[in-house]
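Protein chains in written order, with the numbering used here: chain A, 1 to 229; chain B, 1001 to 1229.
None of these hints come from the bench; they were simulated from the model. Here a beta-carbon is modelled for each residue, glycine too, at the ideal position from N, C-alpha and C. It is possible that part of the hints are untrue.
BS3-like, lysine-lysine: derived pairs with alpha carbons at most 30 Å apart [unchecked claim]:
1) B/Lys1031 - A/Lys20
2) A/Lys4 - B/Lys1020
3) B/Lys1123 - B/Lys1145
4) B/Lys1020 - A/Lys58
To list a few chain A residues with every Cβ distance to chain B over 10 Å, as calculated [said to hold, decoys possible]:
5) Val106
6) Lys175
7) Val202
Protein chains: 2
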Amino acid sequence: MNLKSDCLSCLLNQSLRVAKNLHLDEETSKKMMQVASASIGTYGEVSPPVAAADLYPKLASFTEGDDVYKELKALSTKEALRLLPSVENKVHTISDAIKAAVAGNVIDFATPNHFDLTTEFEKVFETAFSIDDESIFLSHLESAKSFMIIGDNVGEHVFDKLLLECIAKAFPNLKLYYAVRGRPIINDVTLLEAKELAMEKVATIVDSGVPTPGLDYGYASKEFMKLYN
Amino acid sequence: MNLKSDCLSCLLNQSLRVAKNLHLDEETSKKMMQVASASIGTYGEVSPPVAAADLYPKLASFTEGDDVYKELKALSTKEALRLLPSVENKVHTISDAIKAAVAGNVIDFATPNHFDLTTEFEKVFETAFSIDDESIFLSHLESAKSFMIIGDNVGEHVFDKLLLECIAKAFPNLKLYYAVRGRPIINDVTLLEAKELAMEKVATIVDSGVPTPGLDYGYASKEFMKLYN
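Chain A on its own, in the form it takes in the complex (with noise of 0.2 Å):
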């Protein structure tokens, strides 16, 4: 899906929310503002992520090394750490784990919208899904020779972990993979925050090479799609 005119003023609030973040004085800050902003005007028939792609390291430049959301990534992993005993001692079954990483999908420091991972644990598990294909999905399973799960959010990475340990223990003879982003895009989770949680403990660490937020597929590695067909 191209970009709709609503992105791009969205493209420029995230750009001020990197910017604040980064607590960038208020020149600096401002010649980023303009490099973002005269960049988004050219993004004409691209799709979301691929002007996300183009932007971020844009704003990366303003800041060492190449990465706007390295603090906040840290503080999303600290956070989600920090209720992870008491998320396990509630998660006995691979369905419990799956709304356990169901709740840890709230994990966003980059979206305006405000998330609280305590309340979000506390209702998930009482909770029915209104499509629950949970069963389908253990069907596939249960014949399948791999499974990977495609990271997103860091601090969500943590609750991956959890349900790929969960379905370790119940299919021991599955080869479990984790794709993780190609490089640093907003909070995206890279092979850099997957290896400081010891993900390849469960799971091998895939390198998706994609830049975008999501997969588009023709910026994936040909080892990944291999992998992933």
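Starting from the known structure of chain A, arrange chain B on it as the hints suggest.
Here is chain B on its own, set in the frame of chain A:
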């Protein structure tokens, strides 16, 4: 004051509101947002009103006429006129009229804040000003030869007129002026809306020549500045 980094995303958000308000098709809307974004990327050492004065004519180029808020201005006036009789019933003194003008000041469709005029008028007559310079204002009027209101948003001008009528009654020798913007900018009052309201019945309408929101002296006509000073 120069444009801050926050202003840049605010201007692009304003552009999106304009696109929605004009009910542009998605293609035109996106083209407009690209033009807006590219322009915003060039705004360096200018004030927010000057940036707006550059931006709005560019936005207007995507619609017929030169006024992106033509419809909303008409709606603001209609809403203000609908409430006017009940407000007039409560206005017996200049003091009341000042309060009505203050309440009318919430009219601003161009900002993200919603407003409820009826509620504002209910509150304002029962609330004292926390800073009240009314007696100073009235004593200045006693000795003044002329008095000028610089109009702001369309809709507010209905209650500005009510205030001018009250002042005219109390100070019949005072020469009254009502200043308007030199051309459509956001939803500010221009010659057109002032004339539609027959503002000339109570005050001499003066075109400030200013194409920015507010009153940027640099843009004001000599004739206006002579009156203003």
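With 10 Å as the threshold, tell me whether A/Val106 passes as away from chain B on beta-carbon distances. holds, 24 Å
Does the claim that A/Val202 lies outside the interface with chain B hold up, using a Cβ gap greater than 10 Å? holds, 41 Å
Does the structure keep A/Lys4 and B/Lys1020 at a Cα separation of 30 Å or less? holds, 12 Å
B/Lys1123 and B/Lys1145: Cα distance at most 30 Å? Violated, because 33 Å separates the two Cα atoms, which is more than 30 Å.
Distal placement of A/Lys175 relative to chain B, Cβ over 10 Å: Fine: 44 Å to the nearest Cβ keeps A/Lys175 off the interface.
Given the hint that B/Lys1020 pairs with A/Lys58, does the C-alpha gap stay at or below 30 Å? Holds: B/Lys1020 and A/Lys58 sit about 29 Å apart, inside 30 Å.
Within 30 Å, alpha carbon to alpha carbon, are B/Lys1031 and A/Lys20? holds, 28 Å
Consistency note: the structure conflicts with earlier hint 3 alone.
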